[in-house]
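Colleague: Use the sequences and the hints to build the structure in full.
Chain by chain, the residues run as shown.
There are 2 protein chains.
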Amino acid sequence: MAQEVEEIMKRIQSHRGVKQMMIINKDGLPLKTNMEMTPATEQIIRNIHELSIAARRLVRDVDPTDDLMFLRTRSKNDELLISPDEDFTVVVIQGNGE
Amino acid sequence: MAQEVEEIMKRIQSHRGVKQMMIINKDGLPLKTNMEMTPATEQIIRNIHELSIAARRLVRDVDPTDDLMFLRTRSKNDELLISPDEDFTVVVIQGNGE
Numbered sequence: 000m001a002q003e004v005e006e007i008m009k010r011i012q013s014h015r016g017v018k019q020m021m022i023i024n025k026d027g028l029p030l031k032t033n034m035e036m037t038p039a040t041e042q043i044i045r046n047i048h049e050l051s052i053a054a055r056r057l058v059r060d061v062d063p064t065d066d067l068m069f070l071r072t073r074s075k076n077d078e079l080l081i082s083p084d085e086d087f088t089v090v091v092i093q094g095n096g097e
Numbered sequence: 000m001a002q003e004v005e006e007i008m009k010r011i012q013s014h015r016g017v018k019q020m021m022i023i024n025k026d027g028l029p030l031k032t033n034m035e036m037t038p039a040t041e042q043i044i045r046n047i048h049e050l051s052i053a054a055r056r057l058v059r060d061v062d063p064t065d066d067l068m069f070l071r072t073r074s075k076n077d078e079l080l081i082s083p084d085e086d087f088t089v090v091v092i093q094g095n096g097e
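For the protein sequence lines, the chains are A and B, in the order given. The opening position of the first sequence corresponds to residue 0 in numbering that gives the first Met the number 0, with each subsequent residue numbered one higher. The opening position of the second sequence corresponds to residue 0 in numbering that gives the first Met the number 0, with each subsequent residue numbered one higher.
If you're looking for bench data, these hints aren't it; they were derived computationally from the structure. One or more hints might be untrue.
Copies of the same chain are indistinguishable here, so a pair counts whether it falls within one copy or spans any two.
Straight line, CA to CA, 35 angstroms or less: simulated DSBU-like cross-link-like pairs of lysine-lysine [as the list claims (entries may be wrong)]:
1. LYS31 / LYS18
2. LYS25 / LYS9
3. LYS31 / LYS9
4. LYS75 / LYS25
5. LYS75 / LYS31
6. LYS75 / LYS9
These numbers come from a predicted model, not from an experiment.
Modeller: Below you can see the structure in the form of structure tokens.
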């Protein structure tokens, strides 16, 4: 898995407009990130983990046979892309309109 | 506001692929919906309200001057579009790929 994580990181970081990115495991712990590890970053990672859990629960509320594939938030400045997978969740923060 | 809500409902419901939709006030209570009001629907509305609060908190964690404009989840079957505004939040559930 470590090699797979490395390849994903490299591929995503080569995209124009990517500001921050992280790969989180199923327990919400960061496997890899280009962000400096500060208490604020840890809080962001926890909130991202909780957001994807809440989104998955909502999708299953609407249709128990369904499953979350992707989550995107758009704000004035940025877009946050969350892609949950079996073993880990890939998260990218990019400038709005990239 | 009631008239504004009616117009938004009509405009959105005319779009192809729209399955469910609802307009929720700032306290998470439904102003308008084409969904039958059941305990399951109430649970969905509560979870949507919590999801948009969690997303807004996350956006502000990343950049306190920023604000959430739009939230989209994509699942195998559906797309859920959440558009928070000053007074209310418009939510649409549509088929995936509509």
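Colleague: Now look at each hint and say whether the structure bears it out.
Modeller: Status of the hints after comparison with the structure:
1. In the homo-oligomer, the alpha carbons of LYS31 and LYS18 lie at most 35 angstroms apart inside one protomer (15 angstroms), although the nearest pairing across protomers, at 38 angstroms, exceeds that limit.
2. Within a single copy, LYS25 and LYS9 get their C-alpha atoms as close as 21 angstroms, which meets the 35 angstroms cut-off; across copies the closest is 41 angstroms, which misses it.
3. For a Cα distance limit of 35 angstroms, the shortest separation of LYS31 from LYS9 inside one copy, 11 angstroms, qualifies, whereas the shortest one across copies, 46 angstroms, does not.
4. Taking CA atoms no more than 35 angstroms apart as the test, LYS75 paired with LYS25 passes in both settings, with 29 angstroms inside one copy and 20 angstroms between copies.
5. Both within a single protomer and between protomers do LYS75 and LYS31 lie at most 35 angstroms apart by alpha-carbon distance, with minima of 27 angstroms and 27 angstroms respectively.
6. In the homo-oligomer, the alpha carbons of LYS75 and LYS9 lie at most 35 angstroms apart both inside one protomer (27 angstroms) and across protomers (27 angstroms), since each shortest distance falls under that limit.
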